[in-house]
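Peer 1: The chain contents come next:
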Amino acid sequence: MSIVLQLLFTGLGIGSIYALVALGFVLIYRATNVVNFAQGDFSMIGAFLMVVFAIDMGLPYWLSAVIAVVVMAGFGILFNYGVYYPLRHRTFLPVVISTIGASILLQNGVLAAYGPHPQSLPAMLPFPGINIAGVFLDSQYLLILVVTLALVALQYLFFERTMLGKKLQATSQDKEMAALLGIPVALMIGITFAYSAVLGGLAGILVAPLLFVSINMGSTIALKAFAASIIGGFGDVTGAIVGGLALGVVETFGAAYISVPYKDGFAFLVLFLFLMVRPQGVFGEKVAEKA
Amino acid sequence: MAKNGLSALLLCSALILAVSHSLAADSLKIGIVAPLTGPAAETGRFQINGAKLAADEVNRAGGVLGKQIELVVEDDQTTNPGAVLAFSKLSGDSEIPAFIGSIRSTQVHAMAPDVVKVGKPMMIGGTDPKLTHMGNPWLFRFRPNDTYSARVIAEYGVNTLKRKQWAIVHSTDAFGTAGKNALSDQLKALGAEIVITQGYTNNSQDFTPVVLAVKKAGADVLSSYVTFETDQGILAKQMRQLGVDLPWIGSTTISTTSALRLAGSALNGTYGVTDFAEKSSPAAEAFAQKYKATYNATADVFSAWTFDAMTVLAKAINDAKSTEPEKIRSAILAISGLEGAEGTYDFDENGDGLHGYNIVRNDNGTIVFERRIDFKE
Numbered sequence: 000m001s002i003v004l005q006l007l008f009t010g011l012g013i014g015s016i017y018a019l020v021a022l023g024f025v026l027i028y029r030a031t032n033v034v035n036f037a038q039g040d041f042s043m044i045g046a047f048l049m050v051v052f053a054i055d056m057g058l059p060y061w062l063s064a065v066i067a068v069v070v071m072a073g074f075g076i077l078f079n080y081g082v083y084y085p086l087r088h089r090t091f092l093p094v095v096i097s098t099i100g101a102s103i104l105l106q107n108g109v110l111a112a113y114g115p116h117p118q119s120l121p122a123m124l125p126f127p128g129i130n131i132a133g134v135f136l137d138s139q140y141l142l143i144l145v146v147t148l149a150l151v152a153l154q155y156l157f158f159e160r161t162m163l164g165k166k167l168q169a170t171s172q173d174k175e176m177a178a179l180l181g182i183p184v185a186l187m188i189g190i191t192f193a194y195s196a197v198l199g200g201l202a203g204i205l206v207a208p209l210l211f212v213s214i215n216m217g218s219t220i221a222l223k224a225f226a227a228s229i230i231g232g233f234g235d236v237t238g239a240i241v242g243g244l245a246l247g248v249v250e251t252f253g254a255a256y257i258s259v260p261y262k263d264g265f266a267f268l269v270l271f272l273f274l275m276v277r278p279q280g281v282f283g284e285k286v287a288e289k290a
Numbered sequence: 000m001a002k003n004g005l006s007a008l009l010l011c012s013a014l015i016l017a018v019s020h021s022l023a024a025d026s027l028k029i030g031i032v033a034p035l036t037g038p039a040a041e042t043g044r045f046q047i048n049g050a051k052l053a054a055d056e057v058n059r060a061g062g063v064l065g066k067q068i069e070l071v072v073e074d075d076q077t078t079n080p081g082a083v084l085a086f087s088k089l090s091g092d093s094e095i096p097a098f099i100g101s102i103r104s105t106q107v108h109a110m111a112p113d114v115v116k117v118g119k120p121m122m123i124g125g126t127d128p129k130l131t132h133m134g135n136p137w138l139f140r141f142r143p144n145d146t147y148s149a150r151v152i153a154e155y156g157v158n159t160l161k162r163k164q165w166a167i168v169h170s171t172d173a174f175g176t177a178g179k180n181a182l183s184d185q186l187k188a189l190g191a192e193i194v195i196t197q198g199y200t201n202n203s204q205d206f207t208p209v210v211l212a213v214k215k216a217g218a219d220v221l222s223s224y225v226t227f228e229t230d231q232g233i234l235a236k237q238m239r240q241l242g243v244d245l246p247w248i249g250s251t252t253i254s255t256t257s258a259l260r261l262a263g264s265a266l267n268g269t270y271g272v273t274d275f276a277e278k279s280s281p282a283a284e285a286f287a288q289k290y291k292a293t294y295n296a297t298a299d300v301f302s303a304w305t306f307d308a309m310t311v312l313a314k315a316i317n318d319a320k321s322t323e324p325e326k327i328r329s330a331i332l333a334i335s336g337l338e339g340a341e342g343t344y345d346f347d348e349n350g351d352g353l354h355g356y357n358i359v360r361n362d363n364g365t366i367v368f369e370r371r372i373d374f375k376e
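Here the protein sequences come in this chain order: A and B.
With numbering that gives the first Met the number 0 applied, the first sequence corresponds to residues 0 to 290, in that order.
With numbering that gives the first Met the number 0 applied, the second sequence corresponds to residues 0 to 376, in that order.
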């Protein structure tokens with residue numbers, strides 16, 4: 000029993016990270032109809048910012064995290080104006096290529112600045128974890144779970160209860176209509192990019208003490224997060240969260256009870272099954288082209 | 000006046016020609032393929048440093064066949080196509096009689112067909128056993144190949160640590176799988192039992208299933224073939240967190256500076272195999288001191304193998320008294336008992352120069368030399 004609980008705990012922890020990155024994917028997709036292939040690199044940048052502030056400059060840990068999150072928001076806006084905005088009137092393909100280019104640029108930029116050696120960050124909480132009846136609850140995983148849950152709740156309140164949140168929703172639903180109603184669409188998209196960068200960066204900051212900080216740390220996470228957002232229903236916020244958590248649990252149990260080398264395989268097997276049987280995902284709505 | 004000018008010009012050109020001719024006559028070019036750009040760029044610099052240190056030493060002692068060694072470096076960009084391109088540039092220069100190739104097996108595999116076509120010796124550092132066992136007569140290895148790491152891990156664990164119930168954790172890539180297979184064979188030969196074998200894919204973010212399986216299996220020793228330092232770090236932390244405190248003997252990655260920094264105290268007390276250890280021999284220590292004095296940096300495997308490769312190559316050309324490929328080859332194969340930074344070189348007919356590894360121990364974050372284990376063949 001303790002083994003099952005241990006696996007469930009790590010599965011949910013890893014799944015929360017997928018969920019955070021998947022949320023970033025989904026929000027940008029809803030606002031711009033484009034998949035941002037640099038979403039994983041937002042995590043990498045966030046983690047490297049922590050290395051810069053907490054290790055290189057020696058700032059307190061919590062302060063470094065706050066500064067890193069603020070810088071990520073600015074970075075998201077810059078990303079919007081550099082990568083998306085100039086191509087906003089084109090079809091989705093040039094924008095996708097542009098985000099792939101940005102991803103390559105970001106990874107190699109950090110490589111040039113920091114070298115190829117992975118960096119490490121200390122755990123955020125001062126104790127390594129709690130041991131309950133043979134189940135070890137790693138403090139960092141606990142923190143990840145708590146932060147993810149809190150973010151999901153805050154996000155719900157923000158989108159449903161605030162004017163800004165409603166304007167953002169309107170923009171993602173129908174840009175032309177939103178513009179007619181006097182909503183500054185370009186600004187709303189800029190805010191969406193900033194928020195997605197914050198989510199991605201936060202995932203990177205949270206996961207850094209566990210997985211270390213390396214230039215390709217984002218790619219592995221982003222691939223799973225992308226699968227998670229499709230399983231949940233691409234474009235659906237709840238779907239991204241449920242998909243992420245489910246993926247983390249499925250791959251951890253699959254690895255434990257069937258085969259470790261095929262761990263990544265389980266994640267993508269689930270993806271295949273969904274694409275064949277229910278391509279719109281768990282929460283997605285079926286969209287049919289009108290004749 | 001015009002006539003004077005013309006003759007002066009002629010004289011000048013004659014002088015320039017003579018000077019450049021004598022320069023060419025005084026230097027012997029050796030080609031090096033090394034990563035100057037890409038993820039391994041930093042190690043590329045170490046490799047060139049090592050080769051340069053050896054070349055300077057040889058040059059001070061009179062050079063090779065009375066000529067000074069001149070290193071010609073081409074960038075492999077840390078990729079296989081880059082390595083092939085770099086080698087083709089170098090091999091196009093007919094004045095280069097021999098090459099120092101890559102430390103990465105995959106790049107040596109990529110260049111190997113061209114090395115056969117060119118028909119000149121290449122010194123290599125890649126440790127895939129196949130490289131010197133696929134009928135290519137021009138590859139000479141300056142690091143022990145991977146079968147020896149498995150033999151040394153098994154020998155040390157079974158006969159020194161007296162452990163008979165083994166758990167093996169390995170990466171499923173070419174390196175990790177080959178290592179796991181070799182280790183299984185060696186353990187069976189020594190009469191030990193393998194109670195569990197767990198493979199994982201590179202860049203795993205979580206090792207909980209692996210650790211729980213090892214914990215359940217009832218092993219009394221753990222061994223690992225891990226490719227990436229990040230994986231090594233996460234694996235070590237989770238092993239300790241979930242209560243696996245077995246003695247642990249790992250492949251080279253377990254005792255690298257990077258892994259120590261990432262894993263911290265989780266790797267304390269572990270054993271590792273490594274081909275370069277500063278305290279393993281007087282020759283290794285002397286190299287490490289010279290390297291420190293010249294570059295103000297700590298010597299490592301990257302600089303050690305190219306240092307040895309350059310030293311051995313220079314000696315072989317001097318012994319052969321010729322730059323003909325066949326004669327250099329025979330001279331390298333004839334080398335025996337040469338003390339290098341990486342160990343004692345006794346080339347076998349396949350072109351493998353070294354036949355053993357060092358065992359090191361992680362003593363609260365400091366790597367200390369335990370023992371050198373060499374095999375006859």
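These aren't lab readings, by the way, just hints derived from the structure by calculation.
Where is the CB? At the ideal position from N, CA and C, for every residue including glycine.
Careful: at least some of the hints might be erroneous.
What the hints assert, rightly or not - Pulled a few chain B residues facing chain A out of the computed Cβ check, cut under 10 Å:
(1) G37
(2) T42
(3) Q76
(4) T78
(5) P80
(6) A173
(7) A216
(8) T226
(9) S257
Peer 1: Now, for every hint given, state plainly whether the structure supports it.
Peer 2: Okay, the hints, checked on the actual structure:
1. G37: holds (8 Å)
2. T42: With a closest approach of 9 Å, the T42/B hint holds.
3. Q76: violated (12 Å)
4. T78: T78/B check fails; min Cβ-Cβ to chain A is 13 Å, beyond 10 Å.
5. P80: Status violated, d = 17 Å.
6. A173: violated (14 Å)
7. A216: Hint violated; A216/B Cβ to chain A Cβ min 13 Å, cut 10 Å.
8. T226: Violated - the Cβ of T226/B stays beyond 10 Å from chain A, reaching only about 13 Å at its closest.
9. S257: Holds - the Cβ of S257/B comes within 10 Å of chain A, reaching about 5 Å at its closest.
In terms of the numbered hints stated before, the structure departs from hints 3, 4, 5, 6, 7, 8, listed from lowest to highest.
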